[in-house]
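Asker: All chains should be modelled from the sequences, with the hints used to inform the complete structure.
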Amino acid sequence: MKRKILITFLVILLILNLTGCVAAPELPTDRFLAEEAVYNYWQAIINRQYGLAKCFCIIDGIWDNKVDEWEEYINTNSEDYCSFLMIYFDKFYKPTEIMGDTAMVYVRIIADKIVLP
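For the sequence shown, numbering that gives the first Met the number 0 assigns the number 0 to the initial residue and increments by one for each residue that follows.
Derived by calculation from the structure, the hints in this document are not laboratory data.
Quick caveat, the model's predicted, so the values are computed rather than measured.
One thing to keep in mind: the hints can contain errors.
Listed next, the in silico BS3-like pairs over lysine-lysine satisfying Cα-Cα at most 27 Å (straight line) [unchecked claim]: (1) Lys53 / Lys93; (2) Lys90 / Lys112; (3) Lys93 / Lys65; (4) Lys90 / Lys53; (5) Lys53 / Lys112; (6) Lys65 / Lys53; (7) Lys112 / Lys65; (8) Lys65 / Lys90.
Using C-beta positions, here's what the derived DEER-type ranges look like [what the hints assert, rightly or not]: (9) Tyr87 / Tyr49: 13 to 23 Å; (10) Cys56 / Leu13: 47 to 57 Å; (11) Phe91 / Pro116: 28 to 38 Å; (12) Val106 / Arg47: 12 to 22 Å; (13) Glu71 / Glu25: 39 to 49 Å; (14) Asp67 / Pro116: 26 to 36 Å; (15) Ile11 / Asp111: 56 to 66 Å.
By construction, the Cβ of each residue, glycine as well, lies at the ideal position given by its N, Cα and C atoms.
Answerer: In structure tokens:
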């Protein structure tokens with residue numbers, strides 16, 4: 000009798016594993032969503048996709064208006080034939096803070112202008 004119950008349990012467990020029944024996936028946290036939006040914003044700026052960068056901002060917010068400034072800065076420093084501009088997304092240097100509906104994400108961005116001789 001015990002053997003029958005054990006075999007039945009193992010068969011049910013095998014069926015559940017083969018059909019993909021697992022625990023429910025973890026929902027993304029507010030911290031993850033904020034960091035992902037900031038990361039995607041800077042990747043768009045680095046790749047010169049300024050319209051895409053604006054999609055990750057609050058309309059007419061501070062960083063929405065900064066997209067135009069970054070575009071001008073990058074174009075001004077990249078128009079010389081003997082130099083180019085490298086922008087790096089270095090890291091999140093402090094933990095993201097969530098205060099109500101506001102998130103503070105701390106990011107280090109490095110911009111290097113390389114001048115060729």
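Asker: For each hint, tell me whether it holds in the structure or not.
Answerer: Going through the hints against the structure:
Distance check on the hinted pair: Lys53 and Lys93 sit about 24 Å apart at the alpha-carbon level, within 27 Å; holds. Taken as a hint, the Lys90 and Lys112 pair is honoured in the structure, with Cα atoms around 20 Å apart against an allowance of 27 Å. Between Lys93 and Lys65 the alpha-carbon distance is near 22 Å, which keeps this suggested pair within the 27 Å criterion. Of the pairs offered as hints, the one joining Lys90 and Lys53 holds, with about 21 Å between alpha carbons and a cut-off of 27 Å not exceeded.
At roughly 24 Å between alpha-carbon atoms, Lys53 and Lys112 fall within 27 Å of each other, so this suggested pair holds. Straight-line distance between C-alpha atoms of Lys65 and Lys53 comes to about 9 Å, which keeps the hinted pair within the 27 Å bound. For the hint linking Lys112 to Lys65, the alpha-carbon distance of about 19 Å falls within 27 Å, and the restraint holds. Pair hint Lys65 plus Lys90 holds up; C-alpha atoms about 20 Å apart against a cutoff of 27 Å.
Checked against the hint of 13 to 23 Å, the C-beta distance between Tyr87 and Tyr49 comes to roughly 18 Å, which is consistent with it. The given range of 47 to 57 Å is respected by Cys56 and Leu13, whose C-beta atoms sit roughly 50 Å from each other. Distance hint for Phe91 and Pro116: a CB-CB separation of about 36 Å, consistent with the stated range 28 to 38 Å. Here the CB-CB span from Val106 to Arg47 is close to 19 Å, well matched to the stated 12 to 22 Å.
Taking the beta carbon of each, Glu71 and Glu25 are about 41 Å apart, inside 39 to 49 Å as hinted. Separation of Asp67 from Pro116 is about 32 Å and conforms to the stated range, judged on CB atoms against 26 to 36 Å. The hinted window of 56 to 66 Å between Ile11 and Asp111 holds, with their beta carbons roughly 60 Å apart.
This entry satisfies every hint, going by the numbered hints stated previously.
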